[in-house]
Amino acid sequence: MVVTCPDLHSADLSADPDRDTARRHERVIAAVTGFCPDVEVVEPGVCAFGARGPARYFGGETALTARITAALADLGEDGKIGVADGFFAALLAARDGRAVPPGGAARFLAAQPVSVLAGRNPAARNPAAQDLVALLNRLGLRTLGDFAALPVRDVASRFGDAGEGAHRLARGLDSRPLATRPPPADLSVVQEFDPPEPRGEPVVFAAKALAGRLHDGLAARGLTCVRVQVTATWADGRESSRRWRHDGLLSAAAVADRVRWQLDGGAPAPPDDGAPQASPGDGEQYQPGGIVALRLVPDQVVRATGQQLALWGETLVSDRVARAAMRVQAMLGHEAVLRPVLGGGRNVHDQVTPIPFGEKTEPRLPADRPWPGRVRGTAPGLVFPAAREAEVTDDAGRAVTVSGRCAVSAAPARLAVRGEPPQRVTGWAGPWPLSERWWDPSAARRRARFQLATEDGRAWLAVLQDGRWLVEAGYWLGGLGQPAALLAGAAAPDVLGDRGRGSSRRGPSRRAAGQITPSRVAAGRDSAMGRTALPLLVQLPGRGGHSRRAGRGGGPARSRGTRPHRPRRDVRGAAVRAGGCPARRPGRHEAGHGVRRRADPRPARQPGSAA
Amino acid sequence: MTAGQPGSFAAPNAPAPGKTEFPSAGPAPAPGLAQGPGTGSALPVLPALRGLLPRGGLARGSVVAVAEFGLLCLALAAAASADGAWCGIAGIPEAGVLAAAALGLDAGRILLVPDPGPSWPQVVASLLDGCELVLLRPPARVSAQVRHRLEATLRRGRGVLLVAGDWPGAQLRLRVASQRWTGLGDGHGRLRACCAEITADGRGEAAMTRTHWLWLPGEDGGVAMADPADLPFDIDEEPPGAASGLRVVSG
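Chains as they are written, first to last, in this note's numbering: chain A, 118 to 728; chain B, 15 to 265.
No wet-lab data here; the hints were simulated from the structure. Positions of the beta carbon are idealized from the N, C-alpha and C atoms, including for glycine. Treat each hint with caution, since some may be false.
In silico contact screen, one side only, chain B against chain A (beta carbon under 8 angstroms); selected entries [unchecked claim]:
no. : residue
1   : P128
2   : P130
3   : D143
Just a few of them, taken from the derived set where beta-carbon distance is under 7 angstroms, the chain B residues facing chain A [stated by the list, open to error]:
no. : residue
4   : V111
5   : V190
6   : W195
7   : L205
Could you build the full structure based on these sequences and the hints that come with them?
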């Protein structure tokens with residue numbers, strides 16, 4: 118019995134970036150496996166199995182066919198089923214969805230044209246078989262019946278092995294038995310919580326044991342998974358599902374960490390449920406919205422070949438970095454943490470491909486091509502994610518244009534980038550024309566690139582496209598920090614030449630530096646930075662603003678004496694203070710500024726002791 | 015160290031009196047964070063930049079602020095990244111990775127978080143756990159509390175926070191006092207190199223203002239000290255010798 122899905126059969130799996138077709142295919146196979154465990158997957162969208170046993174179980178071939186068709190219809194697939202003696206005949210019968218009665222295969226095949234020998238899927242056609250079909254046609258053998266009528270010996274001597282194989286098919290003899298595959302084991306693991314677990318910690322704890330089971334199951338079969346899918350289901354039906362990179366590198370504890378991050382990342386939609394990281398205090402009481410099930414599903418199971426770490430030369434993501442990146446991904450989403458990959462391309466945007474962390478790093482455009490027409494030389498330090506609109510005008514205030522012959526209407530004199538004051542252009546080069554993908558109207562673009570240097574010392578990569586000026590990238594090092602004061606005062610041309618006002622600009626900056634520093638020195642530079650930085654950290658959460666306000670001389674000796682305890686208080690102090698703030702605040706007001714936390718309990722205690 | 019102006023400041027390797035008391039080299043670094051023997055108290059920087067930094071490197075656990083994002087930020091990160099450090103870049107969607115790679119950063123060890131959103135302090139803290147170097151452009155106003163908390167995270171993790179923007183508590187502040195690109199003519203040429211005057215000051219051992227002229231990038235794409243005497247343009251206001259700018263401002 119052969120089951121085909123024409124949609125899937127004609128689809129080219131390699132041209133399917135989302136693996137959507139592959140997933141549909143997998144679902145179909147799973148459905149068919151429900152009827153017969155030993156199924157041979159012949160090619161995409163075609164599978165075969167021996168029908169005798171299942172047909173008897175389900176009450177005949179017709180009943181079995183009807184059941185499988187219904188099951189496929191449930192999946193939204195249009196399946197056709199053929200039944201015949203032998204795989205080849207069944208495959209042909211599946212085209213029409215008919216069942217060939219037992220013993221009738223030869224007669225059924227005799228009526229088929231010889232072209233069926235070449236296969237139906239154009240992509241999978243065998244050139245030798247096609248030659249054979251063409252030859253048979255030229256010899257006047259139009260149907261398989263004609264071909265099958267030839268003596269075997271003559272066919273073998275005239276057409277060779279391929280011809281003999283085809284002759285066997287034409288006579289209704291299969292060239293080989295079915296190679297069925299055992300059904301894949303379900304490697305996913307589930308932990309159910311009854312009653313629903315409102316707190317995150319027990320779930321994470323269970324996740325560790327669960328991950329151990331998952332790993333054991335995979336290891337017993339010599340497998341590993343590329344990714345693991347963590348699905349948490351809440352009692353009210355919400356579900357949080359996320360895939361984490363695994364590559365066989367994660368320990369059970371590391372998987373549990375991912376579960377924790379995923380739960381910390383927030384339950385979906387209504388936050389009224391037991392927020393996963395609910396405070397440990399509300400322990401036993403039952404909350405209606407807890408987690409009922411946690412499921413770990415290995416995704417893309419592959420054979421475990423072990424991990425060979427590179428000795429040199431290969432950039433490996435260390436566990437520490439991966440952990441940090443994934444934690445950020447858990448907060449902001451998978452696409453929020455990117456790794457840049459250098460590639461080729463003609464425009465500054467094309468040359469770097471950002472790829473979400475954890476995915477395979479491959480540039481969009483290969484780097485080893487010549488890419489004629491790209492802007493050469495120094496790369497810009499700033500590449501604006503969206504090109505900024507700008508106006509470039511000449512001396513007379515007219516917009517600068519570039520003709521079809523790449524002639525500039527006038528020398529650019531002013532550049533006004535949107536959001537910034539206009540700048541005088543002190544040097545420029547271009548236009549460098551670029552006409553890309555003219556054969557593809559949707560992606561075609563013609564543009565002329567310029568490099569412009571402006572009077573503030575910066576330089577820009579400007580593009581004229583469709584009559585509009587855009588600034589794509591900027592070349593500069595940094596700023597002064599007070600651009601309003603210093604850059605505005607510096608109406609001085611910086612680049613190449615005009616030397617009048619440079620001093621007036623540089624003057625203030627140096628003077629400013631000179632002013633700042635002595636004041637800091639007067640505040641006690643010798644003891645300032647080195648000693649106080651540490652006490653400042655140590656005292657900060659516990660003592661409120663005290664150390665900052667009270668100057669820098671006081672702390673060091675004491676704080677160093679009590680040093681071993683401080684960091685812990687530093688960590689805990691913030692939480693304590695955050696929690697206890699409302700209660701404590703009145704006390705602080707009563708006692709005036711700079712009350713220490715240590716002093717707080719006393720007013721409370723004193724009345725108590727007095728009473 | 016390749017200071018162009020000998021004698022104007024102490025060599026960074028000299029045991030400065032304040033050195034042992036600097037926070038990251040403090041008496042008791044947090045336990046469990048002991049690094050391998052190869053990691054010192056500072057991340058390396060490009061040779062040309064060493065003179066600007068009080069210890070010839072980016073002191074671990076410190077905040078270095080650059081007034082505005084640009085090539086200088088990337089150049090500061092370059093040597094550490096080439097040395098094996100991971101570099102996180104948060105809140106700077108326009109960071110030019112190509113230019114960074116030209117300066118020496120290893121693009122394979124960069125993590126970009128272009129839009130950290132409102133929870134950026136947590137994002138930066140997470141990045142600091144994994145990366146030795148985090149480049150950050152904070153939003154306009156950073157509350158003192160957030161700042162201090164991040165600084166505490168920083169000291170625990172022995173990383174360096176490179177801030178593109180204002181950060182009042184920064185141990186070191188760098189500014190680009192002037193910059194000039196060369197190579198562009200009037201309708202011809204292309205940008206070739208940039209000569210910039212970088213000023214550094216800060217707190218503690220960095221309090222002394224240092225000013226250097228740098229080629230950033232130079233004709234060869236690298237970073238080099240520029241000799242004010244033979245810049246391709248005139249520095250008219252001061253004789254080149256006076257441009258050393260390494261003025262000792264305290265006794």
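These are the hints, each one checked on the structure:
| no. | hint | in the structure |
| --- | --- | --- |
| 1 | P128 | holds (7 angstroms) |
| 2 | P130 | holds (7 angstroms) |
| 3 | D143 | holds (5 angstroms) |
| 4 | V111 | holds (4 angstroms) |
| 5 | V190 | holds (4 angstroms) |
| 6 | W195 | holds (5 angstroms) |
| 7 | L205 | holds (5 angstroms) |
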